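Asks: Chain by chain, the residues:
There are 2 protein chains.
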Amino acid sequence: MASSPPPAGRLRKAPENFVDASGVRQVFAEAKSGRRDFIRQAFAGAMAAGAASAAVAAPADGDPAILTLPEHSRGLGKPVATDGYGRPSRFEANVQRRPSPGLTQTAQSSVSFAPLQSLFGIVTPSGLHFERHHQGWWDVDPAQHRLMLTGSDAKMLKRPMVFTMDELMRLPSVSRFHFIECGANSGMEWGNVAVPTCQYTHGMLSCSEFTGVPLKLLLDMAGADTKRGRYLLAEGADGSSMTRTIPMELVESGEVFVAYGQNGEMLRPENGYPLRLVVPGVQGVSWVKYLRRLEVGDQPYATKDEAIHYVDLLPDGQHRQYSSTQECKSVITTPSGGQVLLDQGFYSISGLAWSGRGKVQKVDVSVDGGRSWKPARLQGPVMSKCLTRFSLDWVWDGKPTLIQSRAADDTGYVQPSTKQLRAVRGTRSIYHNNAVQTWLVQANGEVSNVQLS
Amino acid sequence: MASSPPPAGRLRKAPENFVDASGVRQVFAEAKSGRRDFIRQAFAGAMAAGAASAAVAAPADGDPAILTLPEHSRGLGKPVATDGYGRPSRFEANVQRRPSPGLTQTAQSSVSFAPLQSLFGIVTPSGLHFERHHQGWWDVDPAQHRLMLTGSDAKMLKRPMVFTMDELMRLPSVSRFHFIECGANSGMEWGNVAVPTCQYTHGMLSCSEFTGVPLKLLLDMAGADTKRGRYLLAEGADGSSMTRTIPMELVESGEVFVAYGQNGEMLRPENGYPLRLVVPGVQGVSWVKYLRRLEVGDQPYATKDEAIHYVDLLPDGQHRQYSSTQECKSVITTPSGGQVLLDQGFYSISGLAWSGRGKVQKVDVSVDGGRSWKPARLQGPVMSKCLTRFSLDWVWDGKPTLIQSRAADDTGYVQPSTKQLRAVRGTRSIYHNNAVQTWLVQANGEVSNVQLS
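From first to last, the protein sequence lines are chains A and B. Going by the working numbering, the residue at position 225 of the first sequence is 225; the numbering climbs one at a time, nothing skipped. Going by the working numbering, the residue at position 224 of the second sequence is 224; the numbering climbs one at a time, nothing skipped.
In isolation and in its complexed conformation, chain A is listed as follows (with noise of 0.2 Å):
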């Protein structure tokens, strides 16, 4: 499962089978005026074109091929509850979370990465949730598992405290949707090196419905000193000792909790079960799984994951620490890298968005390598430090084309192109690369991941 090829994608090859596509045809042609129609003739064009090379042929009336029912509906289906907890249809076995053989040197400190070109919408899939673990992951008893409160020094925090979890889940809870990504993300695109898909590219990024307790409140009964106390260790109980710092102030925000319930479930085991933190804004590595222990200190702790790891080398020779907010990014999915777009004609350009710092105010779209955008359409609710899918009507005409998504936040700040990312940040860094990812449709379909430089 884990070496088979990555997915081709949704963009399939058209069947050669039944669809009676010259009578579409036909009555596309009779297309009028408007935004409709200017969809329909678009998508008549690629209808016709996909018709001529699968060579269909339209049954005819009273052909005994077509009044033969398919089995399904004919047949008695499966019993209700066959599957008390359901699984994706056997048609959808290629949309898996893939790993990327070479990458580490060992599976248990790895990454897989989400299959975003199968996806739709927002929410991720918890099945598809990228993994990131840094020593490999554990199913915690949680009867077992502990959260502890301490401070630095006894002044720190007036009443260290032991939760349960059978105790959090009695607290007043909060849901909200938001985005992690992993800090490493697109980090094969500092140099030369464009993976193939946006599975790859993009796919240390997930989206879920996260449900927990408010930090702030736990600090506040166990009197935490947020005057002096203007951070906070979070600590992990896997055996990499996951050990970030957390600035109070994000806490005093409201937006941190710790989490045990993830779209509409408990948390699953490689993403923290049963309880991890969740840092809207900040990289996936902050929002520690396993979470046993949160200390309150008055300085930054420069753990070995924030002084080793997840530092940015710069053009000059320094590294750069604590750039733990995502900055804001877009990526279009389909088409993406590894797609085939089927024929010319109609298609609608589809993406994400996204911002550490808040809410997507806009994203442009451009089909000409950047020379020209045009604003794509948001589907709501835009929530802030959260997915937004972005689409753009589109009509290829069956030459090559560049195409690429450019996204603001509503904080003004705008998704970088590569080169202006890498006059600042060099080329060859790991981490926080929020450029415009590009993708070239070659004439004959196929879609491939460039750099434009």
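By construction, these hints were calculated from the structure, which means they are not laboratory data. Just to be clear, a hint being listed does not mean it is correct.
You can't tell identical chains apart in this list, so a pair holds if it fits in one copy or across any two.
Derived DMTMM-like pairs: lysine to aspartate or glutamate, alpha-carbon spacing no greater than 25 Å straight-line [unchecked claim]:
| hint | residue 1 | residue 2 |
| --- | --- | --- |
| 1 | Lys362 | Glu255 |
| 2 | Lys216 | Asp316 |
| 3 | Lys304 | Glu235 |
| 4 | Lys399 | Glu249 |
| 5 | Lys374 | Glu446 |
| 6 | Lys362 | Glu306 |
Since the model is a prediction, treat every value here as computed from it, not as a measurement.
Add chain B to chain A, keeping to what the hints say.
Replies: Frame of chain A; chain B shown alone:
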């Protein structure tokens, strides 16, 4: 799996190990004032009671038992992509959708209920989405599936069309969060049958982010005469020949769409893969699964599933037909029937509210059997024809208590009491029961379903 007992819910008994409850109790006892302290004090009482019954002893300093880390803090865990499509924790195996044996004569024409008592937020995980089949479910090959648009006569629709899934998925799409509720949800409660858990009282309810093509666009493309054609017939491809009439005004509102996506991925087979109709606010039976045909007509079709089934038997013996909109409704999911409160003290009462007419405006909660009501907090974003999560802080004093929720929507409609609803509708209906649900918390903490009439 299908016959295992219903889950006990999330309010598990406290484990009898580790927690330094005496220390935590002391910590809580130092509470001061304000809402945080209300929670702290209330919670402290509960934990003290829990500690007493569990006879917890704080480990002595240096006790070797607490120096031994659990295996997951020492060892190497499982690799990434252990599962290309992940599953819930083994500790969540009791969270399942469940049938109600005996409710129907066959398991192919039956129901499985979503475990609302175990869910958070508003998204229903697709693996736990309720099921309602009329002749079993199928995993239909999307490459073979077609959607046909026709008219009841040649003038009703100028250009009959047949779409493949690939063609539909190339068109402009929308993604929207909506609830879906079976018209028969809470049907057993019309009489004096009080089924034990909210999984069975209200579990024919789910909520997803659906993605698909606005039906208005398809009808425009096909040249439907929506002046004469004020109705649509929606037909499914499974053996039940499900057919339902959809008023054209719902389509014209722009809200109705043909959906292929659910919570980010393709629909699940049990929920109509690869295509179903989404009719926000309307009972689930009209969200025709395995959607294969839409016909434009000039009058309601009075099909078997709207003439014999899904009609309301009124006190005077008449049947009410086409009462398809799901009126405003709510239910407390925590605490709810079948759960056991650990002990007295603080709880966060939590539940779901929804309306087929628009947005939930307000939810009131009563903890005295309806004599007095307090406004609950609504978790945003509050979306139209979508579930809304509500919550209220509550301190249980250990005495028998009746708890209820009552929702109102933005049309001004207020959810009726059982008494009010029965006064108009009698007691012999199956469908469209949106009465206030009452749970009894007994002195021993057990919660059960009771009817106040």
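Asks: All hints, please: hold or fail.
Replies: Hint check results:
In this assembly of identical chains, the alpha carbons of lysine 362 and glutamate 255 lie at most 25 Å apart whether taken from the same copy (23 Å) or from different copies (24 Å). When the C-alpha separation of lysine 216 and aspartate 316 is checked against a cutoff of 25 Å, the pair qualifies neither within a copy, at 39 Å, nor between copies, at 57 Å. Taking CA atoms no more than 25 Å apart as the test, lysine 304 paired with glutamate 235 passes inside one copy only; the shortest distance there is 12 Å, against 60 Å between copies. For the homomeric pair lysine 399 and glutamate 249, neither the shortest alpha-carbon distance inside one copy (51 Å) nor that between copies (42 Å) is at most 25 Å.
Proximity of lysine 374 and glutamate 446 under a CA criterion of 25 Å is satisfied intra-copy only: 23 Å inside one chain copy versus 60 Å between copies. For the homomeric pair lysine 362 and glutamate 306, neither the shortest alpha-carbon distance inside one copy (32 Å) nor that between copies (45 Å) is at most 25 Å.
The earlier numbered hints that this structure contradicts are 2, 4 and 6.
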